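K.L.:
If you want the building blocks of each chain, they are given just below.
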Amino acid sequence: MRWVNRRVRKGNGFLLGAAPIALLVLAYLVAAAARHEANPNDKILPLPGAMAEAMAALLFRPDPLSGQLLFWADTFASLQRLGFGLGISALSALVVGLVLGVLPPVRATFGPLVTAVAVIPPIALLPILFIAFGLGETAKVALIVVGITPLMIRDIAAHITALPREMLIKAQTLGASSWQLLLRVALPQAMPRLIQSVRLSLGPAWVFLISAEAIASDVGLGYRIFLVRRYLSMDVILPYVAWIALLAVVIDFLLATGSRKLFPWAHGAGH
Amino acid sequence: MSALLRLRDVWVEYGDKVVIEGITLDIEAGSFVSIVGPSGAGKSSLLRVILGQEAPTRGSIRLDGAPLAPECGPDRGVVFQRYSVFPHLSVLRNTMFGLECAEAPFTGRLFGARRRAAAAEAEEMLTAVGLGDSLHLYPAEMSGGMQQRLAIAQALIKRPRILLLDEPFGALDPGIRTDMHALVTRLWREYALTIIMVTHDIKEAFTLGTRVLALDKRRHDPHAPHRFGATTVYDLPLKKPLATQALDGSSITIDSKDNN
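Protein sequence lines correspond, in order, to chains A and B. Under the numbering used here, residues 74 to 344 are what the first sequence spells out, in order. Under the numbering used here, residues 200 to 459 are what the second sequence spells out, in order.
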């Protein structure tokens, strides 16, 4: 049988998917054990015990300086920034993308501007954001927004522009005005695409978040990673990276599930 | 007899390409006009011009004596071969759309008693096209024939002066197509519609229509094939339009003696 025709059953699919991850963990353990045999004080590839010990301090013991549980404070701060950034981006991308997509004169006027802004590397704007908004929360949220919004706008606008012409004509023969066309035809059909767009932007959003936190912050997952890097604390960095990956996967899963629940028609309803 | 739609010397040109040249046409209320012709003969262009999706390059079009605005409006309903229904709305909401647009200019949605009235009207229309049992399905859950039934119901609820059909049954299989022919004929008589239908299917054109128009190029320049447009080469009246037909109670199937 050709490989393109091989189907994987659900249970087997889980096993197959888990195998490479398990293999990776195993390879790490073997490498770590080998290094520790040569040098019991090795810091580059810490053993799970050392990681658990280091993380326990951050998870359960309040920091003597601030009195906070650092791990949770970091997680909360980062998720808050990410949430604000994604929320503001999604909302503005929806509004601007819809207007650009539906109204040809607006598209002709502002389309080139959005394209031009989208090609600026957002990190290059970070100094401007720090100068404009100071080193506080605003600049970090702004970096996420500046980083992902232009692409989301273009995505939504392109999706709306690509709606079948027949559908828009039909709506007009049913008496729809420009506003009703936007509200009743374009907006609902943009929503599943917006969620898709947010899912794809999650990766870049995390990049901008960690970058902003690494450069100027006093709390946050990215801040902690770059702080402990000075002490070669791989026993903290590795669990943090795994935690970030887990958070990203959970957010992505929630968005995908939400989209299927809210917009069943966009996911082959009923079939 | 007064014509509902009058086309006077209508030309459609794209740059130096002439698609339609000098079509002059009177369409009476209650008639069912089939438009046939080879691909690229401007059938769909003619329909688009009547629909208001495009303005004619030259010539005038009058509906009920008033010049047509070059924009689609609720006086001309349309059913396309595909993409005529909204995928994000259920069958009932798809049909209510036209009523909601008219009555709720700002929100585009109706609430309370007015919503119930619109839903009842939509349900009645859906029952008439045979979708009374599928009110809460989404278009993606329905067959092509059901989607076209929905598209027709959606258009008819606005009581358009003219219903334009652009190869409405082209994508359907033959059995379903026969059902749809019966449906369209019944609706045409019950609602006293004026229908203009573009089709590739000659048999369909003659079975359904009271009048068949054939579009083609009268002249052809082999060195510049785009310089001559299509016009009506045949205009065959088959039957009397609806209004007179209803009086003498004749069948709507083709009488071979009337078929010149």
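Check the hints yourself; a few may be wrong.
Residues on chain A that point at chain B, a partial pick, calculated with CB under 10 Å [claimed, not checked]: (1) 91; (2) 92; (3) 238; (4) 244; (5) 245; (6) 257.
Footprint (simulated), chain B over chain A, 3 or more residues, beta carbon under 8 Å [unchecked claim]: (7) 288-295; (8) 321-330.
Derived contacts from chain A toward chain B, CB cut-off under 8 Å, selection only [as the list claims (entries may be wrong)]: (9) 258; (10) 276; (11) 280; (12) 283.
Since the hints were derived computationally from the structure, they do not count as laboratory data. On a predicted model such as this, the values are computed, not experimentally measured, just so you know. Glycine included, every Cβ here is placed at the ideal spot set by N, Cα and C.
K.L.:
Hint by hint, say whether it matches the structure.
P.N.:
Now for the hints, and whether the structure bears them out:
| no. | hint | in the structure |
| --- | --- | --- |
| 1 | 91 | violated (34 Å) |
| 2 | 92 | violated (36 Å) |
| 3 | 238 | holds (8 Å) |
| 4 | 244 | holds (7 Å) |
| 5 | 245 | holds (4 Å) |
| 6 | 257 | holds (4 Å) |
| 7 | 288-295 | violated (count 0) |
| 8 | 321-330 | violated (count 0) |
| 9 | 258 | holds (6 Å) |
| 10 | 276 | violated (28 Å) |
| 11 | 280 | violated (33 Å) |
| 12 | 283 | violated (37 Å) |
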